[in-house]
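Sequences are here, hints too, so could you generate the full structure?
As they're listed, the protein sequences go chains F and L.
Counting along the first sequence from 1, when you hit position 105 you're at 105 in UniProt numbering, and nothing is skipped either side.
Counting along the second sequence from 1, when you hit position 9 you're at 9 in UniProt numbering, and nothing is skipped either side.
Derived by calculation from the structure, the hints in this document are not laboratory data.
Hints may be right or wrong, so weigh each one.
[Stated by the list, open to error] Using 30 Å as the maximum straight-line C-alpha spacing, the simulated DSSO-like pairs for lysine-lysine come out as follows:
1) LYS30/L / LYS3/L
2) LYS3/L / LYS38/F
3) LYS3/L / LYS42/F
4) LYS71/F / LYS64/L
5) LYS71/F / LYS39/L
6) LYS86/L / LYS34/F
7) LYS39/L / LYS42/F
8) LYS4/L / LYS86/L
9) LYS71/F / LYS42/L
Just so you know, these numbers come straight off a predicted model, no measurement behind them.
For reference, the chains in residue letters:
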Amino acid sequence: MSSLQFDESLILKDMEVSSKEEAISLMADRLAEKGFVKSSYKQAVLEREEEFSTGLPTHGCSVAIPHTDSKHVNQKAISLAILKHPVIFGVMGECTTTPVKLIFMLAMDEEHSQLTLLQRLMQIFQNAEMLHYFCKETDKSKIKEKVLTQLEFSLKGGE
Amino acid sequence: MNKKKQVLVACGAGIATSTVVNNAIEEMAKENNISLDIKQIKIAEVGSYVDTADLLVTTAMTQKEYPFTVINARAFLTGIGVDDTKKQILNELVK
Numbered sequence: 001m002s003s004l005q006f007d008e009s010l011i012l013k014d015m016e017v018s019s020k021e022e023a024i025s026l027m028a029d030r031l032a033e034k035g036f037v038k039s040s041y042k043q044a045v046l047e048r049e050e051e052f053s054t055g056l057p058t059h060g061c062s063v064a065i066p067h068t069d070s071k072h073v074n075q076k077a078i079s080l081a082i083l084k085h086p087v088i089f090g091v092m093g094e095c096t097t098t099p100v101k102l103i104f105m106l107a108m109d110e111e112h113s114q115l116t117l118l119q120r121l122m123q124i125f126q127n128a129e130m131l132h133y134f135c136k137e138t139d140k141s142k143i144k145e146k147v148l149t150q151l152e153f154s155l156k157g158g159e
Numbered sequence: 001m002n003k004k005k006q007v008l009v010a011c012g013a014g015i016a017t018s019t020v021v022n023n024a025i026e027e028m029a030k031e032n033n034i035s036l037d038i039k040q041i042k043i044a045e046v047g048s049y050v051d052t053a054d055l056l057v058t059t060a061m062t063q064k065e066y067p068f069t070v071i072n073a074r075a076f077l078t079g080i081g082v083d084d085t086k087k088q089i090l091n092e093l094v095k
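Written as structure tokens, this is what we have:
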């Protein structure tokens, strides 16, 4: 299994966008520039988000986890965008919307094999304090460390 | 003996969220000694299981009417209301 790609260049801090489409496009472009996803990835994520929203209201700021089929992915990676001003996403499984401040874009290279990683991510979403930290912290390397520490167990252990 | 219940777990692309939900339901079944036939599928594939499924747990929005109960699984991802969702699912499983 390839290792997860996540570094400062995949953290987009204070991103100023006016729509979720713009946010997704910028993030997908960055992943594509780095070669982690195929050129088809952006359109696939945009279409999927249109059909199946990924906005998640939490006890802190709302998050979204845009993603798509593994066939558009070269190497497993995560990109994190911290928006200057929230943009509206549809809420997962509902007709309602939520203003999203943090976007975790997932590029998954294998189907059904990312369980521990996903569970770790969900723990971030259930931790209002940590979400608040990501919104406020200005030092990208600290944000990176925090995310990796949170996800690390899944990357090292696996079992 | 009752026939094993068939539970469909689905999200849009069948890759990210349904994996988490799938695992949560497996654990629930184990805790409660219920044996289940869990199918992790894409939401577009639900149609092929209309005759066999007893329950659909999904993070995707479903506009269609199905002959079985549909439960929104978002709570497993955010932790908000997860106990209620588990109770709802369990109620369906012991029906």
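Comparing the hints with the structure gives:
1. LYS30/L / LYS3/L: 17 Å, holds
2. LYS3/L / LYS38/F: 45 Å, violated
3. LYS3/L / LYS42/F: 44 Å, violated
4. LYS71/F / LYS64/L: Given that 30 Å is the threshold and the Cα spacing comes to 28 Å, the pair holds.
5. LYS71/F / LYS39/L: Answer holds: LYS71/F to LYS39/L is near 21 Å, not above 30 Å.
6. LYS86/L / LYS34/F: The hint is violated at about 40 Å.
7. LYS39/L / LYS42/F: 29 Å, holds
8. LYS4/L / LYS86/L: Given pair LYS4/L, LYS86/L holds - Cα atoms ~19 Å apart, limit 30 Å.
9. LYS71/F / LYS42/L: 15 Å, holds
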